[in-house]
Amino acid sequence: MSDNHNNLSSQLNQGLVIFIVLAFLTFIEYMVAITNQSLLLLSIAATIKAGLVLYYYMHVYKLAKLDEDADQSSLTWKITTNRLGFWLFILSDAFLFAGLLVTRFNLLGLTRPDLNQVLGLIVTGVLLVSSFFMNRAETYIKAGNKNGFIFSTVVTLVLGVGFLLGVVGVEWQEAPFSAGDSAASAVFFMMTGMHAFHVLTGVIFLGIILNNGRRDLYSSENYWAVEAATIYWHFIDVVWIFFYPALYLIGILG
Amino acid sequence: MKNNELKVTKVLAFYLGGQILGLVLGVIIQTLISGAFSTTYFLDLSSWLFGVLLSLLGFFYSLVGYYGLVKGLVWQVVGTLAGALFVSLIRFFMGLEPFNLTTFGFSEPAWVVGALVGTISFMAGVGAITDWYKWALGEKTADHHHDIEGFKKYFGVSLDHKVIGIQYTVTSILLLCIGGLFALVFRTELSNSSLEFLSLQLYNSLMSLHGMVMIVSILLGIAGVINYLVPMLIGAQDMAFPRLNAFSFWVAIPAAVILLSSLALGGFDTGWTGYPPLSVRAPLGMSMFFVGIWVAGWSSILGALNLIVTVLRLRAKGMIAFRMPIFVWAATATSIISLTATQMIGLAFQLVLFQRLMGMPFFDPTKGGNPVLFQHLFWFYSHPVVYVFILPGLGVISELLPVFARKPLFGYKWIAMSSLGIALVGFLVWAHHMFSSGMNEYLRVPFMYSTLLVAVPTGVKFFSWIATLWQGKLTRDLPTPFLFVLGGIVVFLLGGLTGPPNATVSTDLHLTDTYFIVGHFHDTMFGGYIFPFFAALYYWFPKATGKRLNETLGKIHFWLMTPSFLILTLFMMRVGLLGMRRRIADYDPALNFDVWHLAMTVSAYLIAISILVFIFNIIKTVRGKADATGNVWNSRSPEWLVPSPLPAHNYDQEMIVVGEPYDYGLEGSKYVEFIQKEVL
Chain L
135 MSDNHNNLSS QLNQGLVIFI VLAFLTFIEY MVAITNQSLL LLSIAATIKA GLVLYYYMHV
195 YKLAKLDEDA DQSSLTWKIT TNRLGFWLFI LSDAFLFAGL LVTRFNLLGL TRPDLNQVLG
255 LIVTGVLLVS SFFMNRAETY IKAGNKNGFI FSTVVTLVLG VGFLLGVVGV EWQEAPFSAG
315 DSAASAVFFM MTGMHAFHVL TGVIFLGIIL NNGRRDLYSS ENYWAVEAAT IYWHFIDVVW
375 IFFYPALYLI GILG
Chain S
756 MKNNELKVTK VLAFYLGGQI LGLVLGVIIQ TLISGAFSTT YFLDLSSWLF GVLLSLLGFF
816 YSLVGYYGLV KGLVWQVVGT LAGALFVSLI RFFMGLEPFN LTTFGFSEPA WVVGALVGTI
876 SFMAGVGAIT DWYKWALGEK TADHHHDIEG FKKYFGVSLD HKVIGIQYTV TSILLLCIGG
936 LFALVFRTEL SNSSLEFLSL QLYNSLMSLH GMVMIVSILL GIAGVINYLV PMLIGAQDMA
996 FPRLNAFSFW VAIPAAVILL SSLALGGFDT GWTGYPPLSV RAPLGMSMFF VGIWVAGWSS
1056 ILGALNLIVT VLRLRAKGMI AFRMPIFVWA ATATSIISLT ATQMIGLAFQ LVLFQRLMGM
1116 PFFDPTKGGN PVLFQHLFWF YSHPVVYVFI LPGLGVISEL LPVFARKPLF GYKWIAMSSL
1176 GIALVGFLVW AHHMFSSGMN EYLRVPFMYS TLLVAVPTGV KFFSWIATLW QGKLTRDLPT
1236 PFLFVLGGIV VFLLGGLTGP PNATVSTDLH LTDTYFIVGH FHDTMFGGYI FPFFAALYYW
1296 FPKATGKRLN ETLGKIHFWL MTPSFLILTL FMMRVGLLGM RRRIADYDPA LNFDVWHLAM
1356 TVSAYLIAIS ILVFIFNIIK TVRGKADATG NVWNSRSPEW LVPSPLPAHN YDQEMIVVGE
1416 PYDYGLEGSK YVEFIQKEVL
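These protein sequences, in sequence, are chains L and S.
Residue numbering for the first sequence follows our numbering, starting at 135 and increasing by one per position.
Residue numbering for the second sequence follows our numbering, starting at 756 and increasing by one per position.
Calculated directly from the structure, the hints in this document are not laboratory data.
Treat the numbers as computed from the prediction; the structure is a model and nothing was measured.
Keep in mind that the hints are not guaranteed to be accurate.
[To be verified] In silico DSS-like links for lysine-lysine, alpha-carbon gap of 27 Å or less:
#1 S/LYS908 with S/LYS889
#2 S/LYS1425 with L/LYS212
#3 S/LYS895 with L/LYS280
#4 S/LYS1425 with L/LYS199
#5 S/LYS1228 with S/LYS1168
#6 S/LYS1168 with S/LYS762
#7 L/LYS280 with L/LYS212
#8 L/LYS212 with L/LYS199
#9 L/LYS276 with S/LYS907
#10 S/LYS907 with S/LYS765
#11 L/LYS199 with L/LYS276
#12 S/LYS1425 with S/LYS1072
#13 L/LYS196 with S/LYS762
#14 S/LYS1310 with S/LYS1228
#15 S/LYS895 with L/LYS212
#16 S/LYS762 with L/LYS280
#17 L/LYS212 with S/LYS1072
#18 S/LYS908 with L/LYS276
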């Protein structure tokens, strides 16, 4: 019991450390952007952040364990197969966002749209904190702690809705341009809109696992749906890790 | 007998009834809109096409009743109307014009949202998302659903990969016929100079739709062959995700309906590429085209995902990577492209759609946009996708050659890796479509060399095929599938050799947008897809039905199609070299191309007749008795070692791979062994 408990708290602590590093790197990015705008430093920071999320929050290394269980009727075999399929979906989706980044750099080059920097930092922070709680939710359900799972999922969900309100409800209304004004404004609405659409589907996904978790449908062995929702939510975060500097930080005002 | 006649009468009545009802409804709607009746409304294309939709509905209804496909289509129509009305309502409250008579009643955003809602309601209606919906609500469902008996199972959701494979293939052949019909219509128009019976707008719409309908047909065709074969070849019970598999197939049906509806909703005139700025100004049909392809893309992406997981996770014991059949290698290489690159064309089309609907100026240079960006995104998918089309076909050729030559496949590992090689190099060549588009000039030479690099892995395949045939023990009377394999090799060689002149910048600047490109492209598509696809159909037809297609009819099909096709494309290339532009409805009689075009049109009709022979062959064989349930081709592949057709979940014994797949003619060699399952 206490061993289990130690394991849980060490995993929670790990999530916290990663969160602090991510927050620190985001702050560095912001400082770089307002001081010398080094494209290289911003890319390095974003890549490190994405790598940390991929490894510690999305557990990409689990993909390497393909043949741990040869019995094709077992639960672990099914989950490993599902995981592989879901990651391929993420890969495919990543190409969509990569295409949006290509669009952005092709059309805008090293200029950026005129956006509210404070608001940008706030919504980025909100999404980062939600990622932190999503990680806690997964850690709790893995340890069989239902209450911890419910609490963390609710916080993630609320923060996700907060992010949506921040981007669509405030940023879109406050922006000093409308979608049809220029290529820059079109790119801004397209990128944030596509990302917000994914956040919306993620929120729906969270609602489903919250509802099913409340009804005790997940156990510490069988929580694939929660894992999938977690991977999806962190993927949305990874996308924003690249979109945030691409829209708010890189280049000069166009 | 009497019963049969009654049934035929009923089917005909429903079919014609649907057509008449659609036409009358169209005329009534037009009369209501314009406020006055006119007899010319009876000649209106949109009403006729609306009638075709209803008559197909009636046709399927008379066959299977209100079930599966019929239910889905009804739900799609209702969903489309509901979605469009919803948007119109929002427009009304926003103070915008809710309806627009110039775009067939609804405004363009309403049509687009309606099409998407219609797709979702089709999927709900047909029942392809029922299980997932239950899972989301926390309910459990059975692992397997048993199919209903008889042909009715092909009209509803089935989770059996063989049923889905056949569904895909039949849909593909249907679309092939529709796309071919479009080609015949405008080919007839081209048979002499001057416009005879088509308007420019209709010519452009048919020419554009011919391209995209064929592409969707090919995507469904390879998905069909892959779905049917791969689980069988690797000894699996089914695909890794059977529900996703069913979803991938069924989502292609509303996609095809939306795509074809573009013809009724004003058509479009950009060709299948949909380049802006023309596509930004094109009629409403353009949007339907974009939405249709976008939805079809999901079918492609999810099917590819499913296949990669299946190959990685479900292979039989002992089937290490280098003992997989070549077709499985080819299917995997294909799926890597479909999984990733498809997103780019989806994005490109979305961007144009948003520019059309909301005025977001992605491709408007006066507001900082860039039309060349569209071409980059578009070709990043659309070039690799031709490898999606040909790789499974080349896989079929490699798969069948050793069976008929009774010799081991030459250079197995090289062939296996060359598929992956083509797929990977294919990602780096897209800009060779844009040499004359005004992109940065320094990009031309790197893309020229990367394109020429494709010839290396393709050449590996050709050398292996020749070496496999060399001293092969061929029978004097070549069987039909083997004829199609040989035809495929010859035609694909022609297509391959005419490629480098287009890839080389200096010559391409002269050849671009001429009929030379059209001839080259059709050679690669027929050699890489159509011929191997027919070879696969003739070869595995006994596996699927237990009945072998008629050899004589098969040979008539082959000997009618191949020479006509060669005439068609060689003449295309000839007039192209002499300056015939592609995508034009009319040409100058002084060019003296009339007789060449007439010959091409005649060839096109001969190809169409050969396809009719093929369809007649299928109908005749299916009605015959099952007498080919054994190993018809004396193959070593596991699916032929058990009686045809296979039951659901394929093999009732466990399969173990003990040797090399293509060691034909070697004494005592063995590929697979079956062991009795342990009874617990």
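Any hints this thing doesn't respect? Which numbers, in order? Per hint list: 2, 4, 6, 9, 13, 16 and 18 violated.
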